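Enquirer: Okay, here's what each chain looks like letter by letter:
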Amino acid sequence: MLGVLDACFIIDWSRYRRRKLLSKLFDIMYIHEEVLAQIRSTIAIEYVTELMMRGILRLYAWSDADETEFIRLRDDVSSDPRIPAVERPDILCLIIAKALNAILLSENVGIHRIVEYNPRYRNVSIWTALEVLENMVYKGLITIRDEEEFLDYIREYEEDTAHKFRRRRIEECIERLREWLRK
Amino acid sequence: MVKKIKPPRELLEKWKKEDEEARRIRRENADWNFIDRQPPKIRLALLVYIETGDIYKAAKIAGMTIGEFNEIRIRAKIPSIT
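Quick mapping for you: the protein sequence lines, in order, are chains V and H.
Under our numbering, think of the first position of the first sequence as 1, with each following residue one higher.
Under our numbering, think of the first position of the second sequence as 1, with each following residue one higher.
Please keep in mind that the hints were generated in silico from the structure rather than gathered at the bench.
Small disclaimer: the values here were computed from a predicted structure and weren't measured.
In this text, a Cβ means the ideal position worked out from N, Cα and C, and glycines have one as well.
All the given hints hold, so there is nothing to weed out.
Taking lysine to any residue and the SDA-like style, the derived pairs with C-alpha atoms no more than 20 Å apart in a straight line are:
{"#": "1", "chain 1": "H", "residue 1": "K4", "chain 2": "V", "residue 2": "E67"}
{"#": "2", "chain 1": "H", "residue 1": "K17", "chain 2": "V", "residue 2": "R167"}
{"#": "3", "chain 1": "H", "residue 1": "K6", "chain 2": "V", "residue 2": "P84"}
{"#": "4", "chain 1": "V", "residue 1": "K139", "chain 2": "V", "residue 2": "Y153"}
{"#": "5", "chain 1": "V", "residue 1": "K164", "chain 2": "H", "residue 2": "K14"}
{"#": "6", "chain 1": "H", "residue 1": "K4", "chain 2": "V", "residue 2": "R120"}
{"#": "7", "chain 1": "V", "residue 1": "K164", "chain 2": "H", "residue 2": "I74"}
{"#": "8", "chain 1": "H", "residue 1": "K77", "chain 2": "V", "residue 2": "R155"}
{"#": "9", "chain 1": "V", "residue 1": "K164", "chain 2": "H", "residue 2": "T52"}
{"#": "10", "chain 1": "H", "residue 1": "K77", "chain 2": "V", "residue 2": "R166"}
{"#": "11", "chain 1": "H", "residue 1": "K77", "chain 2": "V", "residue 2": "I43"}
{"#": "12", "chain 1": "H", "residue 1": "K6", "chain 2": "V", "residue 2": "A85"}
{"#": "13", "chain 1": "H", "residue 1": "K6", "chain 2": "H", "residue 2": "K16"}
{"#": "14", "chain 1": "V", "residue 1": "K20", "chain 2": "V", "residue 2": "L141"}
{"#": "15", "chain 1": "H", "residue 1": "K6", "chain 2": "V", "residue 2": "R74"}
{"#": "16", "chain 1": "V", "residue 1": "K164", "chain 2": "H", "residue 2": "P79"}
{"#": "17", "chain 1": "H", "residue 1": "K16", "chain 2": "V", "residue 2": "V115"}
{"#": "18", "chain 1": "V", "residue 1": "K164", "chain 2": "H", "residue 2": "V48"}
{"#": "19", "chain 1": "H", "residue 1": "K16", "chain 2": "V", "residue 2": "R166"}
{"#": "20", "chain 1": "H", "residue 1": "K41", "chain 2": "H", "residue 2": "I74"}
{"#": "21", "chain 1": "V", "residue 1": "K164", "chain 2": "H", "residue 2": "D19"}
{"#": "22", "chain 1": "H", "residue 1": "K16", "chain 2": "V", "residue 2": "E116"}
{"#": "23", "chain 1": "V", "residue 1": "K20", "chain 2": "V", "residue 2": "D160"}
{"#": "24", "chain 1": "H", "residue 1": "K14", "chain 2": "V", "residue 2": "R168"}
{"#": "25", "chain 1": "H", "residue 1": "K4", "chain 2": "V", "residue 2": "P84"}
{"#": "26", "chain 1": "H", "residue 1": "K17", "chain 2": "V", "residue 2": "H112"}
{"#": "27", "chain 1": "H", "residue 1": "K17", "chain 2": "V", "residue 2": "R168"}
A short list of chain V residues far from chain H (calculated; beta carbon distances all over 10 Å):
{"#": "28", "residue": "L2"}
{"#": "29", "residue": "K20"}
{"#": "30", "residue": "L25"}
{"#": "31", "residue": "L59"}
{"#": "32", "residue": "E69"}
{"#": "33", "residue": "K98"}
{"#": "34", "residue": "N101"}
{"#": "35", "residue": "N123"}
{"#": "36", "residue": "D146"}
{"#": "37", "residue": "L151"}
{"#": "38", "residue": "D152"}
{"#": "39", "residue": "E156"}
{"#": "40", "residue": "E179"}
Just need the whole structure built from these sequences, with the hints factored in.
Expert: Pasting the structure below:
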């Protein structure tokens with residue numbers, strides 16, 4: 001499984017006590033050099049460096065065709081104020097994820113909204129840390145006996161990163177996990 | 001001229017509700033004493049973050065990178081929400 005990392009995801013995830021598990025979920029992850037340039041905190045730089053040294057995180061080779069796609073997508077993006085500002089590096093990540101058929105790891109609400117309404121990007125899989133944790137359960141990287149144990153993992157993540165997931169999204173996730181636990 | 005793809009009205013309504021919910025959660029969780037003690041530029045940036053959830057905008061106002069602003073956000077107990 002391939003992943004693409006954006007800056008908002010890395011900044012939060014690198015603070016998580018179980019951050020090492022991410023490299024067991026993905027075979028290879030990609031990052032754009034402009035995303036690397038956004039990362040300044042020591043903890044996030046150390047995390048990214050560790051992933052690169054292990055060969056799990058690679059720099060994506062940006063092409064002229066990708067740049068053409070960037071211009072097209074940038075022009076597509078509505079200027080509606082309900083779509084929070086997205087910066088160039090975030091859009092690059094979305095383009096990479098589409099090009100590689102990879103999962104985009106992003107906590108950027110603006111990017112999630114583009115995927116929700118833009119027909120050309122509707123098929124891109126985009127996960128927040130919540131879906132990452134959920135998929136770690138399916139892959140046996142974290143073990144749970146019931147939904148309460150999964151909620152403990154969420155609490156840990158929220159505590160370490162000062163990140164909160166919407167209640168509705170947690171409920172949907174728990175519903176999927178209940179189904180999975182029943183099997 | 002390229003015609004922009006516009007989100008349907010139902011989606012815009014859904015996003016509006018999500019934004020209101022997120023704003024309320026950020027306001028409720030924020031450490032207002034900490035925010036009040038910050039220099040004006042940082043205080044304004046934190047308020048903008050509470051209102052919009054936009055880390056880029058807030059970091060620009062604070063004159064920081066998004067990583068640096070994230071550290072301040074955490075100390076101010078303002079959750080990022082997805």
